[in-house]
Structure formats: structure tokens, C-alpha cells
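Enquirer: Chains as they are written, first to last, in numbering that gives the first Met the number 0: chain A, 0 to 476; chain B, 0 to 389.
To be clear, the hints were calculated from the coordinates, so they are not data collected in a lab. Only a predicted model underlies this, so the values are computations on that prediction, with no experimental measurement involved. Don't take each hint at face value.
To be verified - Heads up, simulated BS3-like pairs for lysine-lysine below, C-alpha to C-alpha not over 25 Å straight-line:
| # | chain 1 | residue 1 | chain 2 | residue 2 |
| --- | --- | --- | --- | --- |
| 1 | A | 127 | A | 55 |
| 2 | A | 365 | B | 380 |
| 3 | B | 188 | A | 149 |
| 4 | A | 275 | B | 380 |
| 5 | B | 188 | A | 104 |
| 6 | A | 380 | A | 365 |
| 7 | A | 122 | A | 90 |
| 8 | A | 27 | B | 380 |
| 9 | B | 278 | A | 365 |
| 10 | A | 268 | B | 188 |
| 11 | A | 68 | A | 219 |
| 12 | A | 194 | B | 188 |
| 13 | B | 188 | A | 97 |
| 14 | A | 97 | A | 68 |
| 15 | A | 93 | A | 60 |
| 16 | B | 188 | A | 78 |
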Amino acid sequence: MTKYIIKRLLLAIPVLLILSIVVFLMSKSVPGDQVYSLLNVNADTESLSDPVISKKAYAQKFKSLGYDKPIFYFSILPKNYPDTLYRIYPKEKKERLKAWYALSKNWEGVQSLALRLDEFELKAFQFKDSLQKRDAIDLRHEFLALSQSKTFDAFQVPLNRLDQIIKPYGHLASLKSSYSALVNATETLKNENYKASVFPSFRWHGSQNQYHQWISKFIKADFGNSLIDQQPASKKIIEALKWTLVLNGLAILLVYFISIPLGWNFALKAHTAFDKLGSLILYMFYAIPVFWLATLLLIFFTTEEYGTWTDLFPSLGLGRHFGKEFSFEGMLDIAWHLVLPVLSLTLVSLAFISRQMRASTLNEMKSDYFRTGLAKGLSEKAVLKKHALRNALFPIITLIANVLPALFGGSLIIEVIFSIPGMGRLAFNAILSNDWPVLFAILLLVAFLTMIGFLIADILYAYLDPRVRFQRSSKHA
Amino acid sequence: MVFMVIAILSPMIANEKPFYCKYEGENYYPIFNDMLGKFNLAKPYEGLVGVDWLSQEFESILRAPIPYSETTQDKLNASYKSPLGAQNIKENRKRHLLGTDKLGRDILAGLIHGTRSAMMIGIFSMLIAGFIGIVIGTIAGYFGDDQVVLSLPSVFLLLLAFFFSLVYAFVFPYVNNYGNINAGIYLLKGLVISGCLFFIFLYIGNVLNRHFAFKKNIAIPIDLMVMRFIEMFNAIPGLFLLLSLLALIKTQSIASIIVIIGILSWTNIARFVRAEFLKIRSMDYIKSARLQGISSAKILFIHGLPNAITPVLITLSFGVSAAILAEASLSFLGLGLAQEQVTWGSLLNESRSYFSAWWLAIFPGIAIFLTILAFNIIGEKLTEILNPKI
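Work out the full structure, taking the sequences as your base and the hints as a guide.
Expert: Structure follows, in C-alpha cells:
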């Protein structure tokens, strides 16, 4: 048994590792620039319009988030690919340089173009006040067009416009000189043809990388700060996890308490009218979408719209006692608010588990040992209770591994419908408001929890059914 | 089947435009014209530009059974008109049989058009999932943990192939075309290149094995690796993953939703195919085929797959209902398709903002429920027909 558990745990490690890498890569490929989102919360907009100050603020945040480090432990890239690209900020500039490199394969040229562009921007800002207001705005506009161009040929139009804007100003010689430097850099990039290297080069970055930093923080339950209100994501998530666990725990308990006797009894009375009707109803329930059921319950049982007696339950949220100090009365109130959500979560999984229980009991009743028991004179009841029940329960227990992810998914919708402040609603709101640190922390946490559920189910199954332990390979996963 | 017919004919059943109309002395066939126009076979009528289909008088007309499109906003019947209550209907119009929503859109027309997107998502995403699932499940089930025995150099070559395909099929094209990548073409190209690389390296390994005798052989636990991979896929609850992936994609269309649902739901199919192959591979006829020296590819496709296909059909039909449910959940949450068109889920979502409109909650729900029930029953019946034992 211990050997099996150790083997199973060892197998889980690479899976968890790959999962965390996948989630990390997802979190790295989000649209938008998180540094800006974080800066916008506490910096006043006035200072952001000044390129010198805003760049300084950006650089500070960029460094403190560790974004100036390479992404992973190592990188395999073309030989002539820039090896310090990850240090470049802001993100939009990095993206720009990557695209320019892909177009030209000439990193030196791209670098000098970027340098000239920065120089020109700085100069333009210096002489902002000596330009006419209209021209200053136009300059800014064309400059943006320049930095967003996808091809070098597309540079021509904004460059010409820039030339026209600064030409009338006789005294701004230094702006003009940096303009011609910009034109030169573009020309060299356009005219020189470089080929991409076909040889890969392997670079080792050590533990000073973003993934290492992210995962070691994750293990210490530090998930970063929410982009929306700067609160630590871990605090938000733990607060929300509590409610999700309450909701799902109650639902699982109810499901198992109701569905096991239900399925058992259906199987005992198999092929009678009772069983047929019950199975039909369960079958219908199985096809009911959880969100439809919840919506119906919400619409018909929380208002007085459809007769006075239908206003049975409170509608949304957890009531006025939520978030206050613990009291018996408050707990009752919250429990009252949880009735409908738990009910809708239960009803849907109920059908699934009951059907499985019925099938597995019937399966046991067909088995040889069952007939042997009857043949040696035991009553049917005794055989059923003493032998069949235990065997019929095996598959049901392991089903919890299948039910767990489904419940988490289902509780997302339920939490949104009944606005219960759980993980699902937190994740949903994070998606709507692009709060990436919270979203991906939840994703990885849910994945870890589900994996633990799988593990427990597997070990439980091996404990109950010794055949599994002695198999050469684990074929039941 | 009924759902399929409704899905295909939806523009004919519910449309504000008529089949045929005579207007200012000319004959027009607007619905057919629209349908042909989608395939660039017909040009839109110039004479009908700017015609308000709801109120315009025609000289003669043959309307669709439900004379409202899913997007038609009947301003006279806006803000939630009940199907049972009074509706402000002109003489030449039909009632809104299942009521209207806030903007005065006909619910029945919305339901009928929703059938189309639901069917498309259900069936096409399952085609994708079925393909991936069958390939991976077959490999895992047929080879198991002990069938692939490679010599040490072959293992080394395989690792090399993996490394090279990672570098040349995925990393290099990515950095060398950055900012100008079409995700679909990129993935397809990458898979083809890496497939070729694996084939070449395996072939080299075979040649080496033929000429030199290597003593040490290693069994590759393919089944174990695939099962861990599936476990990893299942660890993140489907809806969470679906939502997060959609959040990462900038442009959401019906195609991207189909692809994502397809990619996320192959695991069940793969598991069933694998289980079937584990059973099949120890059967006598496969063993005898192996003994005769028939290549594994031939055994797989000619002898194995036809026998393993039955459980796939069953999981596919359950999968269709799961995919439809997934899409409905998405639109119910106001994400995915719901932003651009009327679906069952989006109609149901509207009911949450106005509790009195029970028709908004009941009818779309029944549509989803019936579809899921239908596909579940198909799956169940298939099980009974194909497995008489149970």
C-alpha cells in the first residue's frame, strides 16, 4: 500500500509541474500591460503624461514585479536573436522591437532605430512649449503612428508628416538633427538584408527568472496584488474559497446522503413501476442545465411576482449578516440564503450519482458471489447488505474525483447567479475586469485542489480494491 | 433530427423578410436571395434597400411562418410583452407567440436562430474533439505501457526529434514572424513539421537497429504518459479553463469557440477509445495478426479501429450535448457568442434582469433541456444497440 501511494505521489509531481508552467505561460500571454494597470491606480494622470517621470515610475514598478528577468530557467532561440530582450520595457516597446526584429533580423539596426525614436520623443517633449499647440498635438499623433507601424514601408507616411510639422520652426536645429538620424536609421534597416540564423543557441538563466519567482511565491500563498484594488490576491481568494467550500461541501454531502440510498432502492426494485418512474425522473434531471434550474428557482421562489406564497427565499447575496461578527442568528440567516444555491447544485449531481449507484448495484447483483450467497441459503437481504453494498460503493466513492471539477465549474455559475462571494464569482469578475493575477492564481489553485481530489480518490480505490495495488501499471486513472 | 432541420432551415422559418413579395411592380424573393448571397451567388436587391419589413405595405406577399428575425426590434411590443397578455399587433402581423424581450425582439425567432449556433457548436466541436481523442486514445490503448520497445539509440533519437521539432517547428517560426502570425496556420505548419521530424528520426533509429544489435531495450510507457496528460487536462474545471482561454483571445467568433470547446473536450473520447483498445489488443485476432508480422499501422486502422469506433459514437453524442451546454453557459454568463448574436443562453440571461418575464426563463431553458435530452437519449440507445450485454 505505501509503495502504491509513493508511486502515485511521484507520478503527480510532473503533472503538477507542467500544469503550473501552462498556467504561468497563460498568465504571460494576457493582453494589455499589467504595469500600467498597477500604476494607474495610484499615480495621478498628470505625472504620467511626462515621459521622463512616467518612464521612471514604470521602470520602478517593472523592476519590483521582477519583470526585468527572463521568463524561464533557460531559452532556446536563434543564434543571432537578442539575448537581453526581456529587459526592455515597457511591454508595448518590447512587442514592437520583437516585430521589427522579425521583419529585419537585424538587431543592431532595430536597436538604433528604437534609440533614435526615444531620442526624438524626448526632444519633442523638451521643445513642446516652443511649438504651436496644434503642431505639438500633431507631432504626438504622428509619433504614435510611427511606433505602431507594422512594416518599415509604413514608416514613410508618418515620417513625411513629421518633416512637414517641424520644417517651419527655424530655431529647433537639434530636433531636426534627431529627426534626420531617425530617417537614417529607418533607411539602413530597410535597405540592409539580413538572414535569420538557422542555429539555435541555448542560454541558461538560473533561478533568477520569472517562473521561479512566481511559483515560489505561489507556494508561499503570495499571489501578487489585484490589478483592480491593489489588495493581495491571496486575501481575496482565501475569503472566497471559504464560501465555495461551504457551498460545495454541503452539496456533496447532500448528494451522497440522498443519492446512495436512492440508487440502492431503485436497484432493489429494478424493473418495477417505481424504478421506471424514478429512473425517468432522474434521467430528466440529468439533462437539466444547472443554470436553468437555478434561474427558475431564483425567478419563481424569491419574489411575490407569482403569488404571495412564492416569496419563500431571500434572493441574492448572503444577506445583511454577511461579513459581520459571528452570531447564531447571523448564521441562520446566511444558511437561509444558501438554501437555493445548494439545492440547485445538489439536484443536478444527484441524478448522475443515483444513476451510477443503481447501475453498480445491479452489476453486483449479477455477479457470481451473489448467486453463491443465495444458493447457500442466505436471505437476499443478508447477501445484499453484507456483500453487495460494499462492492457497489467502490465506484461511487471514486466518482467524487469526477464530481469535484464538475461541482467547481457548476458552482461558478451558481455563485454568479445568486451572487455568492465565492471563488467562481471572483474568477468571473476577474475575467470581466481583466484582473489577471487573481484569475490565474484561482486557476492554479483550483487545479491543485482537483489534483489532490484525484489523488485521494485513487488511493481510496486502491485501499478498497487490492487488485489495483498489484497491477503493473495503473490502468484506472 | 428535428433540431438539425430547424438549424438548417432557420432563415426560412423565422424571418422578417418574406419568401416572395411584389413591391412597386417588381417580384422579389428576399429569403432565397439572402441565402444565395451568403455563397456569393446572388446580389442583394437594390429596389428593396431601406424597406421597413414590419410596416411596409406590399402588393402581394408570402411571409415566413414566423414573420420576425431574431434581431428585429418590434418597437410597438418592446419591454417584455408576455405571450399570454395583450400585445400591440397590427392587422397584417402575427402575434409574438412566445413573447418579446426588452427590445421587442421575438423570443420564438431567437430560439429558432439559436438552434443553428447550438447545433454548429455541438457538432463541429465534437468533430475536432473526436479526431484528437481517437488518435490519442488509439495510441495509448494499442501500445499500452509495454508494446513500444525501443533501443537506447532510438530513445535518444526520439528525444532529439522532440527537441528539434520544438525549436524548428514552433520557436523559430514564432520569433521570426512575430507580430504577423496567423494562429491556425502557425499551429498546423508546426504540427506538420514536427510530424515529419519525428518520422525521419524514427526511421533513422529503425535503420540503426537493423544493422547493429543493441542489447539494452527500453519500454516506453506511452499509456502512462497519455493518462497523466489527460489527468492534467481534467484538473482545471472545464468552465474555468474555457472562460480564461476566451478571455485571452481578442476576437471571439463562433469558429474560435468551436475550436476551443473541441480542444478542451477530447479527453473523454480518448479515454473510451483507449479502454476499448486495451480490451481489443489482447484478443486473439489482433495477436494472430501481430504474429503474422502485419505492421502496427495496418493492424490499427484495418483491424482495430472499426471495432473501437462504437464507444466513440456513444461518447460523441454525449459530447455534443456537453458542448451545447458549455456554449449555453458561456452566453448565459454574457461572454462568448452572446455579445454578437442571440443564443439560447443569452435569452436565458436576459430573464435575470427582469424576474416577471417568466417566458424568457422557461422557453430557452426548455430548448436547451430538450436538445441535451435528445442527444443523451441517442447516446443511450446507441449503447443499447451496440452493447446488447448491458
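Enquirer: Would the hint linking residue 97(A) and residue 68(A) be met if the CA-CA limit is 25 Å?
Expert: holds, 17 Å
Enquirer: Does residue 97(A) lie within 25 Å of residue 188(B) when you go C-alpha to C-alpha?
Expert: holds, 21 Å
Enquirer: Between residue 268(A) and residue 188(B), is the straight-line Cα distance small enough, at 25 Å or below?
Expert: Given that 25 Å is the threshold and the Cα spacing comes to 58 Å, the pair is violated.
Enquirer: Quickly compare the C-alpha distance for residue 188(B) and residue 104(A) to 25 Å and report which way the hint goes.
Expert: holds, 21 Å
Enquirer: Check the hint pairing residue 275(A) with residue 380(B) against an upper bound of 25 Å on the C-alpha distance.
Expert: Between residue 275(A) and residue 380(B) the Cα gap is close to 16 Å, so the pair holds against 25 Å.
Enquirer: Would you mind confirming whether the straight-line C-alpha gap from residue 188(B) to residue 78(A) stays at or under 25 Å?
Expert: holds, 22 Å
Enquirer: Given the hint that residue 27(A) pairs with residue 380(B), test it: the Cα-Cα distance must not exceed 25 Å.
Expert: violated, 46 Å
Enquirer: Need the status of pair residue 93(A), residue 60(A): alpha-carbon distance at most 25 Å?
Expert: Cα-Cα ~16 Å, so holds.
Enquirer: Given the hinted pair residue 365(A) and residue 380(B), is their alpha-carbon gap at most 25 Å?
Expert: At roughly 22 Å apart (the allowed maximum being 25 Å), residue 380(B) and residue 365(A) satisfy the hint.
Enquirer: Do the alpha carbons of residue 68(A) and residue 219(A) lie within 25 Å of each other, as the hint requires?
Expert: holds, 20 Å
Enquirer: When you check the alpha-carbon spacing of residue 194(A) and residue 188(B), does it fall within 25 Å?
Expert: holds, 21 Å
Enquirer: Decide if the proposed pair is consistent with the structure: residue 380(A) and residue 365(A), CA atoms, cutoff 25 Å inclusive.
Expert: Holds - the C-alpha atoms of residue 365(A) and residue 380(A) are around 15 Å apart, at most 25 Å.
Violated hints for the displayed structure, listed by number in ascending order: 8 and 10.
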